[in-house]
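Peer 1: Here are the chains, one letter per residue:
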Amino acid sequence: MSEYEKVLLKNVGKPNSRQLATYVEGGGYSGAKRALEHTPDDVIDVVKRANLRGRGGAGFPAGVKWTFLPKDREVTYLCVNADESEPPTFSNRVLMEEDPHQLLEGILIAGYATQATVAYLYMRAEFTEQYHIMQKAIDEAYEAGYFGKNILNSGYSLECYIHRGAGAYVCGEETGLIESLEGKRGWPRIKPPFPAIQGAFGKPTVVNNVETLANLPHIVNRGADWFLGIGPEGSSGPKLFCISGAVKKPGCYEGAMDFSVRELIESDRFGGGMRDGLKVKAVMPGGISMGILTADELDMKMDFSDPAKYGLLGLGTASAIVIDDRTDIRQVLRNVARFFAHESCGQCTQCREGTSWMYKMTNRVERGLGRMQDIELLGEIPAKMGMMPGLSICGLSDGAAFAISTIVEKFRSELEDYVRNENDDAVRIALEIAN
Amino acid sequence: MAWKAIDRVNAPAEESPSLSEPLKEKIRGFFDRYPTKRAVLIPALHMIQDDHGYVGWKAMEEVAELLEITPSDVFDTVSFYSHFWTHPKGEKVVMACRSISCDLLGADRVLDECKKVLGIGDHETTPDGKYSLMTEECLAACDHGPCLMINEKMHKCVDPANVRKILEDDANDKLDIPRSNLYDGANRTSA
Amino acid sequence: MAKIILNNQEVETREGIPVLQAALEAGLNVPHYCYHPGLSVVASCRLCLMEMKMPHPKTGELGWAPKLMPSCQTPVRDGMEVRFDSDKVHENQERCMEFFLLNHPLDCPVCDQAGECHLQDYSYHFGKSESRMVDQKHVTPKKDVGPRTLLYSDRCVMCSRCVRFCDEVAGTGELCITNRGSKAEIDAFPGKPLANPMQGNVVDICPVGCLLDKDFLFQQRVWFLKSADSICTGCSTGCSIRIDQNEDHVHRLKPRFNPRVNQWWMCDEGRFGFKYIHDKNRLTRLKLRRGESFESLRWESLAETVRYRFEDVAKKQSDKKIAVVLSPFMACEEAWLLVKTIREVAPEATLVLGPVPTVEQDERFPVGATNGDTKFIIRKEKCPNRNGIELIIKHFGGNTETFDAFVEQAGAGEFAAAWISGGYPTEWVSKDFAKAAGKIPFKVVHDLFGSALTDEATLVIPACSFAERDGTFVNATGVVQPFARAIKPPQGCKRDGQFFYELAELEGLYQSPTVLGMMAAEIDEFKEVYVPPQLPEHQH
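Residue numbers (the working numbering), protein chains in the order written: chain A, 1 to 435; chain B, 1001 to 1191; chain C, 2001 to 2540.
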């Protein structure tokens, strides 16, 4: 667990950290100024060299994403993904609430690098205070000339608008976000064409996550080598980690991607250990979509490559929910299944029907009315959905599949024990009533 | 017809508010922000809901006209998002988070307490029209679960024992920070 | 042209079309709901997934990609290899069918779609017989979404074809999707129901029993229906249609795919405009005037009577004229036989095209479309064969008149005899015409319904409706299209083609292709008749 000078959260807790003056005083907007003195390609180059991997969940290198934009484009849109809806993730909230100008500077740098004309900051509707904070910061930034026409006399112009979502997890998927930006239901689009070629309003579009953009001022200021020097190869740079659940210090922390889930829970730098003498039963370390770890799997490293070795979908949002040993796994299973049933957009058959079927079953299982077949089905259905096997348009169903299948696989004996001890007559009667 | 079918042929009988001219003007103020008028729909719906408390049939029809789309396009979008409601809600909408973190920290006890104090169930409104109760998938404040949101105000680390106190506090939906002039900063291109 | 390998066999197809389309054209039964060749591709039903060979990202070696690909969304590229016959593909199809039926009410016994339902067919071919869901099903409501259309949400598979039709073809966008996830439904805005004049198509393209035609609701089990390929007579577009009948009663009209004319669609005016066929007021008696009243005439005597009487007038009243008024509802063959007959006995007979019912203007779809982006036109000319009749008149030449001039001259007493064919579905005899016709001493009136004209006629011949006839129409753009008969004429009537055939003193039974052959020998335009290609068996 290496130490380095904190950058992403360095202003958190400072008095008036939301104000432009405070931000500028601490060296803010110097990265943007420096970027504007170089060519956009120079900026893309440094971000590519830093191998800044997207912080939104998929981990795709941001610099590479930018190079997919067609060379002869006239209009480019930048969409900032602040639709943070993956339970239990709240790092974007912290970034926007505590240091809005860091994000705005990142937007300006990304906008310049991609030669975007308009940046839309897509914020989920549940961000209410954060919306007012960001709007105030944008107003300040406009006044100081960081947005608008001819920014800092560079000849580059960028408008920045907040576009608020309205309560739909799927709008965090980049094409769902674009549809929502266009005023439609957030049904993810079929690809190709990819957003870089035909995105918002049919024009080349880049969608980047808040935390990804918050890294840009630091990369521009400190260089790619600084970034590559933090954390292991392939997972370099500062990263935010969220931890919640049964720990002493739930919260959002910054670190390199070089420690384990165990350290995330136990270290005083992060979770500070389990509270009230509880023991770890399970952890969902990357947001619920990534899947679950048992107490025996806490050595998993919080980086981009290790989660796959533990049967997880990926690092995701690096936000862990720590589940203690008093918790009934059926409650976790039902909660997760309900989330995906509620948030499935309804477009692809497997996801629309599969998530709601699984919710019905998990709900019944939690009420003590499960059958062995339900456990079988809960193992089988997730294997037959998702974008990875090509069965759906977006990754939401992969998330549902990993969340539910890993719980069922890794806690199968506990689930089976519950079912075995049930009253068969009660199950039979309940099912008869249902039909 | 001998069986029950939802009537879409006739206009709904219930009354719902129209868009005022200032509200329309506010919506038009957003036209410069996007290359299409349709893209103004979601901001417009937020403005309407902020003003009317909900997005009624009439408002949907009128905003469709304003944005040159069909009323069904508006209905489609409105119904997709869980934060728009097509029927009146209470003055204050209480949203109880039920995401995994809040759930494991006792969100169900908080929700039960809300139901008890308000005397209503999920998705219901008190007879005096003051409160509506809803559940929410995740409020992105998992470090402070269980959470309650009352209109725009977030209440963190809610103890079921404190729910009554929170709900009885008149200022329970007042933000601690200055509220931006919601959606007024539309034309900033000249700045 | 492109060659692809489909299920291990080389298939010739067209570059750039969806692989699904190529597979259907190659005769494969690839299940699909959301794909429709006339609508945009959404690739959401996930039923048509296939395996495709792709280069390995590292080695570049061709091999089956681990992911399934939507065949509707993948364009044909020369040399590509795909397959639909693998376990992986079959497993997905089976799984999808289970998902589609999870919340389906299985009310086939009372569902109009039963028998032509792609939930039934696909679940038979690709699904399992039992659902493994034991929990309560979602119940979604029935909706009255339009004057002609009912929506049973609980049978919906969310293919969104109907929504896309209203957006992309009709251009009126009445239907939408509401809610999300498994609660998603098709809906219309209250008070803004389906109102476009093409709404019947949403019922056709609905692959299941969700959207239903109120007119056809509970009328027939579809397996009792027998079909004939016909042409719609509602306007001069001349849509290819299928007439569905049982026991000589027409129950519905459905559009047939015709790439040169109507694509997959037809309008409601045409679709529901057939009811006059079974009107009880139709003329069904061949009758001849004797003084003030009529008496029945045997069909066997018709030819002789007509030929004799016209010849007689031509000879004895050579100072006066004889008219043949041809209706734009007649088939080319019928008109040709009639003119041939009359001109044989009265060579100077004047040929007249009857009134062409016309409204103000064409209706183009999508609404607001201009020439380039028009997908469908309801034409202002409300008859099927003005072009064809004009061809016949031009071919025979000699004396011709416009209808207006004919009425004027008849009113002035210039005509001694006239053959007047009607066959219009609605009243067509104007007061002026009736008055003028009163001045024609000898009149043969051939029509569907009684009128001032038939009251005064010398000879009344009951006509048949299009469903009872066969022949050829020439549509507004000059496409020559044959149509077949679907039902027997009502008792008392005789198929028009048949008595015209006898009138022309031809032996045997009237067969429209035979007559068409005779016409084609004389008139170039009839050499080429357009019969649209059949849709691939498994396309819908």
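Among the clues, some could well be false.
Unchecked claim - Computed cross-link-like contacts, DSBU-like style, restricted to lysine-lysine with a CA-CA straight-line distance of at most 30 Å: (1) C/Lys-2375 <-> A/Lys-191; (2) C/Lys-2142 <-> B/Lys-1058; (3) C/Lys-2053 <-> A/Lys-309; (4) B/Lys-1153 <-> B/Lys-1092.
Since the hints were made in silico from the structure, they are not lab data.
Peer 1: Against each hint, give a clear statement of whether it holds in the structure.
Peer 2: Comparing the hints with the structure gives:
1. C/Lys-2375 <-> A/Lys-191: Answer holds: C/Lys-2375 to A/Lys-191 is near 26 Å, not above 30 Å.
2. C/Lys-2142 <-> B/Lys-1058: Between C/Lys-2142 and B/Lys-1058 the Cα gap is close to 23 Å, so the pair holds against 30 Å.
3. C/Lys-2053 <-> A/Lys-309: Since the Cα atoms of C/Lys-2053 and A/Lys-309 sit roughly 28 Å apart, the hinted pair holds (cutoff 30 Å).
4. B/Lys-1153 <-> B/Lys-1092: 10 Å, holds
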